[in-house]
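Model the placement of chain F on the given structure of chain Z, informed by the hints.
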Amino acid sequence: MAVEMRDFAPNRAIESSEKDVSGILSVQIRKRFDAARDSFELDIAAEVPPGITIVFGPSGAGKTTLLECIAGLLSPNFGRIAIESRVIFDRSPKVDVQVHKRKIGYVFQDLALFPHLSVGKNIEYGIRELNPALREEKTQTILDSFRISGLRDRKPNQISGGERQRVALARSLVTDPCLLLLDEPLAALDGPTKSKIVEDLRIWNAAHCIPILYVTHSREEVLTLGDRVLMLEAGKIIAQGLPQEVI
Amino acid sequence: MDWQSLLLTIRLSAIVAAILFLIALPVAYWITYSRWRWKFLAEAAVGLPIVLPPTVLGFYLLIALGARSPLGHFWQSITGHTLAFTFQGLVIGSIIYSLPFAVQPFAASFAAVDSRLIAASATLGASKLRTFREIILPLSTPGLVAGIALSFAHTMGEFGVVLMMGGNIPGVTRTVSIEVYDQVQALNYSGASITALILLGISFSLLSLVYALNRRVFAVWLWK
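One line per chain: the protein sequences are Z and F, in this order. Taking numbering that gives the first Met the number 0, the leading residue of the first sequence gets 0, the next gets one more, and so forth. Taking numbering that gives the first Met the number 0, the leading residue of the second sequence gets 0, the next gets one more, and so forth.
If we strip away everything but chain Z, and leave its shape as in the complex, we get (with noise of 0.2 Å):
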């Protein structure tokens, strides 16, 4: 069943300041990881328009470790990252906004669903500063909006693995990032369950118009997801543009 696009329209009265800068996101940093017998660098300078961009490369390429410097959870040894024109991270004049200020979403890999609260619970954390009505509003319209109604009593080790992967997805979304992150949030689930998800990720997207990086090294989710593509090797972007053209 396709999910209506008015579903998923944000809600002016809730929109943030941070939400006015959603934008192109621009990254342009060095980090390094120093070990014993090896040594990595991530030195990545790229343009992320809104739209999903799809981080392709094997493991090991840095795909991660690239989510975990524009979310602030790694500091990057030099460079900058800026949306639009707001600047959360720059090495030159020591910008480091702190992880929980800088309005990104982020869909880890295995999901991070807080065990000891409900569905219902989990989805409200991220905008607990509302008052009731309006996170009452947000969150049932995230819920019906991901098919997840049902669910929001459950805690996430009583529901399915699909379930918890829109339950991490409706969580990340309701807070309205001005950036989303997914690290390979779809891996573990099955062609069917993975399409239904998909369509209501770019059904979202359409009417937020956000920029989505989205990492992966599977070809297919290349190809059926992503606008553009940035091809990772060894820590450096490789290749970029369209799906059809990069793979």
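Rather than coming from a laboratory, the hints here were simulated on the basis of the structure. Some hints here could point you the wrong way.
Computed footprint of chain Z on chain F; a stretch qualifies when at least three of its residues, placed anywhere within it, have a C-beta under 8 Å from a C-beta of chain Z [what the hints assert, rightly or not]:
#: 1; stretch: 110-123
#: 2; stretch: 132-140
With a straight-line Cα cutoff of 25 Å, these simulated DSS-like cross-link-like pairs (lysine-lysine) come out [said to hold, decoys possible]:
#: 3; chain 1: F; residue 1: K38; chain 2: F; residue 2: K127
#: 4; chain 1: F; residue 1: K127; chain 2: Z; residue 2: K100
#: 5; chain 1: Z; residue 1: K120; chain 2: Z; residue 2: K195
#: 6; chain 1: F; residue 1: K127; chain 2: Z; residue 2: K93
#: 7; chain 1: F; residue 1: K127; chain 2: Z; residue 2: K154
#: 8; chain 1: Z; residue 1: K120; chain 2: F; residue 2: K127
Beta carbons are placed, not taken as given, at the ideal position from N, Cα and C, and that holds for glycine.
Coordinates of chain F only, in the frame set by chain Z:
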């Protein structure tokens, strides 16, 4: 059996466990998440009471809290008496003596919380304090219960520090373990046996109850 010393011991243990809960939370959090290079020195200092003979610890506490020390002098200027050989002094000594028995289970349970959950909380806009309150603390409940139980039980059974810091004043600093010692010294083995058995029974029952409860608490968030 001297019920006065038993009640005093339970009161001391309850107060120490309550205060330790408040002190050990931030200490354990710092030990778990701090990236300070010399953190191991602080960990060693917190763990010292585990390996140090209680009489040695008691001796240092007696000196540190005595009338000639700055702390003891300050206390005396406010209250008119020293901390040594008082119930308050006993509480302070017991807190230091039992500190690792609260801090270590707390720190172990904080460290066991999946770092991805903490990262997820931050990306959802939660501050470190809110993440601690709403994610780390609830998921650490078994470790918190164990830490409180251990510090309570450890305080109930302490002897050396009590003897050095508190002496043997009935109704003030005379705990059950001191009473057992007194009875043995007086060759009253039957009296010592009853008192020791009661202490053993209370400690075992308390620990059994807490660990049983602990399992159930764990099961609630895991399976409910």
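Structure-based check of all given hints:
1. 110-123: Coverage by chain Z holds here, the residue count being 9 at a Cβ distance below 8 Å.
2. 132-140: holds (count 4)
3. K38/F <-> K127/F: Measuring from Cα to Cα gives roughly 20 Å; hence the hint holds.
4. K127/F <-> K100/Z: Holds - the C-alpha atoms of K100/Z and K127/F are around 12 Å apart, at most 25 Å.
5. K120/Z <-> K195/Z: 24 Å, holds
6. K127/F <-> K93/Z: 21 Å, holds
7. K127/F <-> K154/Z: The hint holds at about 24 Å.
8. K120/Z <-> K127/F: This hinted pair holds, its Cα atoms lying about 19 Å apart.
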